[in-house]
Amino acid sequence: MHWGWEVLRAIVGTVIIFSGVAVIAAMFGVLLERKISAWMQSRLGPKHVGPQGLLQTVADTIKLLQKENIVPSRADRLIFASAVVIVPLAALLDYVVIPFGTTRWGPLIFRDLNIGVLYFAATSSLVVIGILMAGWGSNNKYALLGGLRSAAQLVTYEVPIGVVLVTVALMAGSLSTVTIVNGQAGAHHLWYVLQQPVAFVIFLIAATAEVNRVPFDLVEAESELVAGYFSEYSGMRFALFQLGEYGEMFAMAAMAVTLFLGGWLGFSFLPAVLWFVIKLYAVIFVFMWVRWTYPRFRIDQMLNFSWKVLIPVSVLNLVVTAFFVIVR
Amino acid sequence: MTGEAIVFYLLAAVTLGSGVMVVTSSNIVHAAAALVPAFLGVTGLYILLNAEFVAGIQVLIYAGAITVLILFAIMLTEGGTGLGTRQRNEQAAVGTAVAAAMAALLIAVAVRTGWAPPPAGAVLPSYTPGAIGQSFLRQNILVFEGTSIVLLVSLMGAILIARRED
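Keeping their order, the protein sequence lines are chains A and H. What the first sequence shows, in numbering that gives the first Met the number 0, is residues 0 to 327, in sequence order. What the second sequence shows, in numbering that gives the first Met the number 0, is residues 0 to 165, in sequence order.
Since the hints were made in silico from the structure, they are not lab data. Misleading hints may appear alongside valid ones.
As the list claims (entries may be wrong) - Here are the simulated distance ranges between beta carbons:
| # | chain 1 | residue 1 | chain 2 | residue 2 | range |
| --- | --- | --- | --- | --- | --- |
| 1 | H | Val142 | A | Trp4 | 34 to 44 Å |
| 2 | H | Leu150 | A | Ile10 | 17 to 27 Å |
| 3 | A | Val197 | H | Leu150 | 24 to 34 Å |
| 4 | H | Pro116 | A | Leu302 | 44 to 54 Å |
| 5 | A | Gln194 | H | Ala130 | 22 to 32 Å |
| 6 | A | Arg8 | H | Arg111 | 39 to 49 Å |
| 7 | H | Pro116 | A | Lys307 | 23 to 33 Å |
| 8 | A | Tyr293 | H | Ala98 | 15 to 25 Å |
| 9 | H | Val19 | A | His47 | 35 to 45 Å |
| 10 | H | Ile158 | A | Pro50 | 52 to 62 Å |
| 11 | H | Thr1 | A | Phe284 | 33 to 43 Å |
Each residue gets a CB set at the ideal place from its N, CA and C atoms; glycine is no exception.
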């Protein structure tokens with residue numbers, strides 16, 4: 000029963016990824032965001048639900064689950080409802096190729112695809128469709144504008160991310176994420192952040208733009224567009240968009256760790272998975288630090304920055320890397 | 000029926016079903032959105048054929064970029080609604096003729112091909128990104144460069160048309 004086994008494996012994997020992302024990325028991520036923003040603004044943040052406010056987002060989720068599901072009367076019901084599924088789904092699919100650690104039996108990964116990095120780029124590009132459908136289906140001018148801005152932004156910043164992924168794949172000689180991490184192991188192989196600092200910075204900037212966070216949050220700029228593409232969503236549907244957004248952010252951070260920070264590699268006094276988690280939260284902290292520090296870009300600045308700075312620099316970096324890979 | 004056959008028929012049904020929706024839906028945004036399951040169905044067929052690289056590219060380029068471009072174009076025109084667009088115009092007869100000719104050609108090729116199973120011990124050509132890159136830059140370099148020139152010219156043309164007003 001080879002096929003039955005595969006289907007069962009896929010179902011179990013889906014359940015694990017969904018619950019893991021929902022609890023660790025969405026619930027804990029939102030709490031972390033509120034606590035860090037409070038710390039940066041000399042406030043206390045959530046404090047009353049549970050010890051030190053730890054259960055605040057659990058309470059928020061239960062509240063959202065109970066809320067009424069409102070659909071605008073002139074919305075396109077089919078598109079409006081299916082957009083909610085696409086955004087979190089695209090974020091969850093990213094986790095298939097992320098190696099979380101290593102055990103005696105081999106790396107801890109759902110599937111070590113030999114096109115791992117390409118798979119990551121492909122699935123994370125599907126988010127845009129969900130966002131555009133949400134913006135159009137709501138029949139609301141703010142939502143539509145948010146969706147259009149988002150499409151422009153995501154398509155623009157996919158290009159530098161793609162070039163950076165190719166650069167790292169060139170260094171490792173493979174598209175597989177496990178091979179990329181193994182390429183950074185050993186005394187003679189430095190983490191790629193040290194060999195490719197430019198690519199690392201470009202990846203972080205473009206990843207921030209891909210997940211629509213400040214300073215690239217003009218997609219959902221509160222002061223102009225209410226909440227952008229998900230203005231009309233309420234209750235659990237709103238929660239699913241939050242899940243997709245935080246899931247995508249954690250996936251991008253996990254990819255940054257895998258590509259540049261040596262994945263699960265670390266000193267042997269801590270287990271490999273823990274090293275991965277520590278690095279993951281370090282990158283997440285950088286994302287949050289940036290969010291609560293910088294003001295928002297204007298749309299022309301945002302587009303110019305990618306087309307006139309990030310893309311030329313990343314392509315130049317790729318050419319130089321390719322030269323040294325051939326010479327080596 | 001083997002598991003492979005079941006998956007094939009499922010994927011074919013998804014692809015054809017959403018394909019029919021693309022050409023029949025009177026709402027142009029629905030038609031564009033229905034392209035996504037059609038492309039993903041084709042992706043599944045590629046994976047079934049062990050062509051992972053093409054499958055990844057299919058999702059990245061077709062589902063992720065082409066569909067977004069189409070949706071983007073629809074939403075920037077027609078006042079952002081795209082409702083009530085006619086799916087047919089006066090060229091329906093020509094279109095039917097071309098489609099029929101194309102279908103006849105494809106069916107003829109499919110019927111005439113032998114489809115014999117590979118002889119025992121034969122090795123399939125390697126199908127890795129590396130092999131595809133070699134093929135692009137060695138045997139098929141002329142086609143590859145020709146395509147790049149076509150893309151470059153269309154890019155420049157688009158910029159020229161877009162900037163004409165100033």
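Regarding Thr1 (chain H) and Phe284 (chain A), is the given constraint of 33 to 43 Å on their beta-carbon distance met?
This hint is violated: roughly 50 Å between Cβ atoms.
Beta-carbon spacing of Pro116 (chain H) to Lys307 (chain A) - inside the hinted bounds 23 to 33 Å or not
violated, 54 Å
At the C-beta level, are Tyr293 (chain A) and Ala98 (chain H) separated by a distance inside 15 to 25 Å?
About 53 Å separates the Cβ atoms of Tyr293 (chain A) and Ala98 (chain H), which means 15 to 25 Å is violated.
Look at the Cβ atoms of Gln194 (chain A) and Ala130 (chain H) and judge whether their distance stays inside 22 to 32 Å.
About 27 Å separates the Cβ atoms of Gln194 (chain A) and Ala130 (chain H), which means 22 to 32 Å holds.
Taking the Cβ atom of Val19 (chain H) and the Cβ atom of His47 (chain A), is their distance within the range 35 to 45 Å?
violated, 55 Å
Taking the beta carbons of Pro116 (chain H) and Leu302 (chain A), is their distance inside 44 to 54 Å?
For Leu302 (chain A) against Pro116 (chain H), whose Cβ atoms are near 53 Å apart, the range 44 to 54 Å holds.
Can the suggested window of 24 to 34 Å be confirmed for the beta-carbon pair Val197 (chain A) and Leu150 (chain H)?
holds, 27 Å
Note whether the CB distance of Ile158 (chain H) and Pro50 (chain A) lies within 52 to 62 Å or breaks it.
Roughly 58 Å apart at Cβ, these two residues keep to the hinted range, so it holds.
Between Leu150 (chain H) and Ile10 (chain A), does the C-beta distance stay in 17 to 27 Å?
violated, 42 Å
Could you see if the CB distance from Val142 (chain H) to Trp4 (chain A) stays within 34 to 44 Å?
With Cβ atoms ~42 Å apart, the hint holds.
Does the beta carbon distance between Arg8 (chain A) and Arg111 (chain H) stay inside 39 to 49 Å, or does it fall outside?
Roughly 41 Å apart at Cβ, these two residues keep to the hinted range, so it holds.
Hints 2, 7, 8, 9 and 11 from the earlier list are contradicted by this structure; the remaining hints agree with it.
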